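Residue-level listing of the chains:
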Amino acid sequence: MLLVDHFRSTPFRIATIYAGLFILSVLILFAVVYWLVTDELKKDLRLAIRQDVGSLLTIYRERGPDGLRMAVKDRIADSSDKMSLYLIRDDRVDLASGEILGPVPIVGWQEITVASDAQSANDDAQESFLANGTRVATSYLVVGRSLHGVEEAQEVLLSSLAWALGLTALLALLGGVGLSRAALSRVNAINRIFNEVMEGHLSRRVPAEGTRDELDHLAKNINAMLDRIELLVQNLQQVTNDVAHDLRTPLGRLRQGLEAARSRESSVDVYQEAVDHAIEQVDTILEIFAALLRIAQIETKTRRGRFAVVDLSEIATRILDAYEMVVDDAGQCLSGTIAPGVYVKGDKELLTQMLANLVENAMRHCPAGTEISISLTGDTTPILAVADTGPGIAAEDRQAVLRRFYRLEKSRTVPGSGLGLALVAAIADLHGATLTLADNLPGLRVVLQFPLRDVH
Amino acid sequence: MITMKLLLIEDDLETASYIVDRLTSEGLIVDHVTSGRDGLLLAASEAHDVMIVDRMLPGLDGLAIVKTLRGAGVSTPVLFLTAMAGVDERVEGLEAGGDDYLVKPFAFAELLARVHALARRRPPAGEGTVLKVADLEIDLIRRKVSRRGRSIELQPREFRLLEYLMRNAGHVVTRTMLLEQVWEFHFDPKTNIVETHISRLRSKVDKPFEIELIHTVRGSGYSVHAPR
Chain A
0 MLLVDHFRST PFRIATIYAG LFILSVLILF AVVYWLVTDE LKKDLRLAIR
50 QDVGSLLTIY RERGPDGLRM AVKDRIADSS DKMSLYLIRD DRVDLASGEI
100 LGPVPIVGWQ EITVASDAQS ANDDAQESFL ANGTRVATSY LVVGRSLHGV
150 EEAQEVLLSS LAWALGLTAL LALLGGVGLS RAALSRVNAI NRIFNEVMEG
200 HLSRRVPAEG TRDELDHLAK NINAMLDRIE LLVQNLQQVT NDVAHDLRTP
250 LGRLRQGLEA ARSRESSVDV YQEAVDHAIE QVDTILEIFA ALLRIAQIET
300 KTRRGRFAVV DLSEIATRIL DAYEMVVDDA GQCLSGTIAP GVYVKGDKEL
350 LTQMLANLVE NAMRHCPAGT EISISLTGDT TPILAVADTG PGIAAEDRQA
400 VLRRFYRLEK SRTVPGSGLG LALVAAIADL HGATLTLADN LPGLRVVLQF
450 PLRDVH
Chain B
0 MITMKLLLIE DDLETASYIV DRLTSEGLIV DHVTSGRDGL LLAASEAHDV
50 MIVDRMLPGL DGLAIVKTLR GAGVSTPVLF LTAMAGVDER VEGLEAGGDD
100 YLVKPFAFAE LLARVHALAR RRPPAGEGTV LKVADLEIDL IRRKVSRRGR
150 SIELQPREFR LLEYLMRNAG HVVTRTMLLE QVWEFHFDPK TNIVETHISR
200 LRSKVDKPFE IELIHTVRGS GYSVHAPR
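Those sequence lines, one after another, are chains A and B. Position one of the first sequence corresponds to residue 0 (numbering that gives the first Met the number 0), numbered consecutively onward. Position one of the second sequence corresponds to residue 0 (numbering that gives the first Met the number 0), numbered consecutively onward.
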């Protein structure tokens, strides 16, 4: 991984921001210490200078100008280490410990620079002094102390500051890289998976670390999303194949019929019959299209916006009433146990169609003599069930029959689009109802459990 | 009989000419316009018995036209035509002030039956509480049916079926119209619900008497009328 990648990573940026804040606080702390130390050292120098000036003035008062000159001369001789500065200016030649650079005379406190001589251990061409200038009768006296000590203290402070800052910055950089490496390695793993998925490997998943942190949570969600995408793509592929296949059959039949009608010299009656047959085939095709569109539209779930409180008991009764005789005519039997006053929030039209589909499905796939029953209970949550005593569906096929166009081998000969149960599943899902296909011992039992809700 | 006058707003010329031809051959007068704007002007300026409005029109769409007309106090019954088989579209059409709804492609018999049903819907106050076809009587208030003075017992749903047929006496009602009106089924069941119930109704209303009143109209639906 490139170092640049670390610099761009979020953990690194956060570490940098913290390091910046830390460095700023170190700087403020040092500024305060620097100022306090400098001030304290200068205070000491001032005190020493004041005492020195005081004692020189005493000498002047006791011994006059000559005495003062003597004392200063002694002091200059004593301070061979060049830590002190003296200057006397009167009507004679200046008596000075060094050449003061800048305007002289001065009165009061001032920092001045003095040209240092070649023998000085100090490499600098000049040295700073804190100095005090006083007028003594006609003379002028300057006493100073070298600021060398103060400057050295400042240098120590500054160099320690530089070290501290350098180390802080280094630690921040290392910490940032370390943090970002940990985070980036996982983010990059996710990115790698994404790239693989985008290249078409839809089954790839982000490995879970089990750390339960936000990245783990993210990985889990990404995997759930990938599951959904994979399922949708599979569905789409299956539907595309099935549409192609299921529409080819009636379209092929339509073409055959038309071709056969044209190839023969027939009567008007035969032609009319052929046209009727063709219209029938076209209607079948249109029906499949309409059913597919309806399922697709229900799956968008926009219809939830029109949900209202629906009397499920009324729907079940109406379906029972509509189908009782039809089922009778087919040599089967339809009965119902319908609890009154069971309400759900939903779409009346779609719920009606769903229940009708279930009854018709049972009729179509069961032999004569089968007993079909509708039951509705609302004791805890509304539960709607359609059961039959027919051949049932093997446990391993129960999920598959809910898919579009899926038809069991044995029911291929029975007319139907293979969309009935897919529509039921879509409507159940729209209503948040759990759809279960169970064994009715014998037969199939389709159970719809609606979510509990307060309809009042 | 006064000739019925229709307004068709449809931009697809092939569909429009098919509808105009078939309706004209049925003896109806049809004004046809291709744009919503023209349709709105014509609907506001001339009286029609029924309007057939395509929902998808260039410029001003079908829903907007009907909303505008209803806002202006025009109460001509409206039948929406649409290529959208969606569930919401029907509800939206009815909410906008439409009276009925037909999804393209449709059988012409279905369109014709619905247009006639809409045209009859106009004067609802004119109907009495007792409907009569030949010697068959149905009392809507007391929920009683009798023929030639003999009382006939009907299940509630059978009564509703007969009532709808009687309200449209002399005209064809289609299987789909019955499914919608009697059972509130807005989809196409794969079983013969209508046929089964009609045959049960016939066995009660027609069978004991020598004259048949409930007629099957081949390829279209059913019609109740006195023998012609």
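Simulated from the structure, these hints should not be mistaken for lab results. Don't take every hint at face value.
As the list claims (entries may be wrong) - DMTMM-like cross-link-like pairs, simulated, lysine to aspartate or glutamate; straight-line CA separation at most 25 Å: (1) B/Lys103 / A/Glu286; (2) B/Lys103 / A/Asp396; (3) B/Lys189 / A/Asp378; (4) B/Lys66 / B/Asp11; (5) B/Lys189 / A/Asp396.
As the list claims (entries may be wrong) - Calculated Cβ distances over 10 Å to all of chain B for the following chain A residues: (6) Ser145; (7) Ala207; (8) Leu231; (9) Val232; (10) Leu285; (11) Gln296; (12) Arg302; (13) Ser312; (14) Ala321; (15) Met324; (16) Ala329; (17) Glu348; (18) Gln352; (19) Ala355.
What you are looking at is a predicted structure, and each value in this text was computed from that prediction instead of being measured. From the three backbone atoms N, C-alpha and C, an ideal C-beta is built for every residue, glycine too.
Structure-based check of all given hints:
The straight-line distance between the Cα atoms of B/Lys103 and A/Glu286 is roughly 12 Å, inside the 25 Å bound, and the hint therefore holds. As the CA atoms of B/Lys103 and A/Asp396 are separated by approximately 36 Å, the hinted pair breaks the 25 Å bound. At roughly 33 Å between alpha-carbon atoms, B/Lys189 and A/Asp378 are farther apart than 25 Å, so this suggested pair is violated. Our distance criterion of 25 Å between C-alpha atoms is met by B/Lys66 and B/Asp11, whose separation comes to about 22 Å.
Proximity of B/Lys189 to A/Asp396 is assessed by CA-CA distance (about 24 Å); at most 25 Å being required, the pair is judged to hold. Taking the minimum C-beta to C-beta distance to chain B, about 95 Å, the non-interface status of A/Ser145 holds against the 10 Å cut. Chain B leaves A/Ala207 outside its interface by the beta-carbon criterion, the shortest separation being 41 Å against a cut-off of 10 Å. With a least beta-carbon separation of about 21 Å from chain B, A/Leu231 lies farther than 10 Å from that chain, consistent with its non-interface assignment.
The claim that A/Val232 lies off the interface holds: its Cβ sits roughly 24 Å from the closest Cβ of chain B, which is beyond the 10 Å cut-off. A cut-off of 10 Å between C-beta atoms contradicts the statement that A/Leu285 is not in contact with chain B; the least separation is 7 Å. Residue placement check: A/Gln296 does not keep its beta carbon more than 10 Å from all beta carbons of chain B (closest about 5 Å). With a minimum CB-CB distance of about 6 Å to chain B, A/Arg302 fails to clear the 10 Å threshold, and the non-interface call is violated.
At roughly 15 Å from the closest C-beta of chain B, the C-beta of A/Ser312 stays outside 10 Å, upholding its exclusion from the interface. Interface exclusion of A/Ala321 from chain B breaks down, the closest Cβ pair being 5 Å apart, not more than 10 Å. Non-interface status of A/Met324 relative to chain B is broken: a Cβ of that chain comes within 10 Å, the nearest being about 5 Å off. For A/Ala329, the condition that its CB be more than 10 Å from all CB atoms of chain B is violated, with the nearest at approximately 8 Å.
Some Cβ of chain B comes within 10 Å of the Cβ of A/Glu348; the nearest lies about 5 Å off, and the non-interface call is violated. Chain B draws A/Gln352 into its interface by the beta-carbon criterion, the shortest separation being 5 Å against a cut-off of 10 Å. Its beta-carbon lying about 6 Å from the closest one in chain B, A/Ala355 breaks the requirement of being farther than 10 Å from that chain.
Checked against the numbered hints given earlier, the structure breaks hints 2, 3, 10, 11, 12, 14, 15, 16, 17, 18 and 19 and satisfies all the rest.
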